[in-house]
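Visitor: Sequence:
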Amino acid sequence: MRSRAAILPYPGDPFLLHYWLELFYRVWADEIDKLYVICNTPVEEKVVEYIEYLCTEGMDNKIDYTYIDHHIQHGDAIRIGLEKAIEDYVMLIEDDAYIFKPGIVDDCFKKIESGDFDIVGSKRGSCHEEILNRAKQIWGIPTDGLGDQGCNFWPCYFFSTRSTLLQTDRDYNSRAWVQGDIIAPLQDYVVVAPVVAADTFVNTSLQLRAMIPERRILYVAQYHAHPDDLKHFEQKSEYTPFDGKASWTHIGSLSSGV
Numbered sequence: 085m086r087s088r089a090a091i092l093p094y095p096g097d098p099f100l101l102h103y104w105l106e107l108f109y110r111v112w113a114d115e116i117d118k119l120y121v122i123c124n125t126p127v128e129e130k131v132v133e134y135i136e137y138l139c140t141e142g143m144d145n146k147i148d149y150t151y152i153d154h155h156i157q158h159g160d161a162i163r164i165g166l167e168k169a170i171e172d173y174v175m176l177i178e179d180d181a182y183i184f185k186p187g188i189v190d191d192c193f194k195k196i197e198s199g200d201f202d203i204v205g206s207k208r209g210s211c212h213e214e215i216l217n218r219a220k221q222i223w224g225i226p227t228d229g230l231g232d233q234g235c236n237f238w239p240c241y242f243f244s245t246r247s248t249l250l251q252t253d254r255d256y257n258s259r260a261w262v263q264g265d266i267i268a269p270l271q272d273y274v275v276v277a278p279v280v281a282a283d284t285f286v287n288t289s290l291q292l293r294a295m296i297p298e299r300r301i302l303y304v305a306q307y308h309a310h311p312d313d314l315k316h317f318e319q320k321s322e323y324t325p326f327d328g329k330a331s332w333t334h335i336g337s338l339s340s341g342v
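Each residue of the sequence shown is one higher than the one before, counting from 85 in this note's numbering.
These are computed hints drawn from the structure, not numbers from a lab. What you are looking at is a predicted structure, and each value in this text was computed from that prediction instead of being measured. Among the hints, a few may not be true.
[To be verified] Here are the simulated lysine-lysine pairs, DSS-like style, with alpha carbons at most 30 Å apart:
#1 K185 with K118
#2 K195 with K146
#3 K220 with K195
#4 K220 with K185
#5 K146 with K118
#6 K194 with K118
#7 K185 with K329
#8 K168 with K194
#9 K118 with K329
#10 K315 with K195
#11 K130 with K168
#12 K168 with K195
#13 K185 with K195
#14 K194 with K329
#15 K146 with K185
#16 K194 with K146
#17 K185 with K168
[As the list claims (entries may be wrong)] Estimated spans, in silico, between C-beta atoms of each pair:
#18 N217 with I156: 45 to 53 Å
#19 K329 with S198: 21 to 29 Å
#20 N145 with G328: 13 to 21 Å
Cβ atoms here follow ideal geometry from the backbone N, Cα and C, with glycine treated the same way.
Can you make the complete structure from the sequences, with help from the hints?
Guide: Right, here's the structure in full:
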């Protein structure tokens, strides 16, 4: 029996959500069983009513809607979604990530369901160079090359089992370490720099790296938007939404709020 969930942390831009849900229902809603929307926003009451309407108007039980009347950290929204979900397999996605071709979500879930992989996701840096260098030293993960690189995973177009993500410390937020702190997943590495910062899901990514061997991880292109996308389009560059192979794109930086 299929058991798939998608978790959408959502900081309250109704225009993004309107477009996002239009694509969701038109393209890939049938490829999951439940969408958990964790709406966290201080926007005015009428906008909240409209957002709730967008999420519940169909009454097809496809969406589980949670409303929090203030912004919370992105990682906390992920945690709430994971704790609410009852499905075995989960996908993390963001409201500035758009899937425009059917089949890609189903294919990624099947890679996990088959038992061939424990993670399907995209590489990411988004942290202090000290973390990247230590991870490269331990796991041999490159930090250069086409597209996103690094030891971490984007919390978007990320697929795994719910139980795998709950085996971490469940702190999916951004965080920082100061000089002398120990980063346990990096083989108890002692921080040298005065401050070592990391974006959302980096702390979790390091824990997952320590748990799961490289052969059990399948990498997929994030197709992340870039300021030079027009030039990349003309050059027919790889790893852009214009390579002719993309089924989705992640615009980036639109999930910061309204």
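Visitor: Against the structure, test the hints numbered earlier, and report the numbers of the ones violated in rising order.
Guide: 4, 10, 18 and 20
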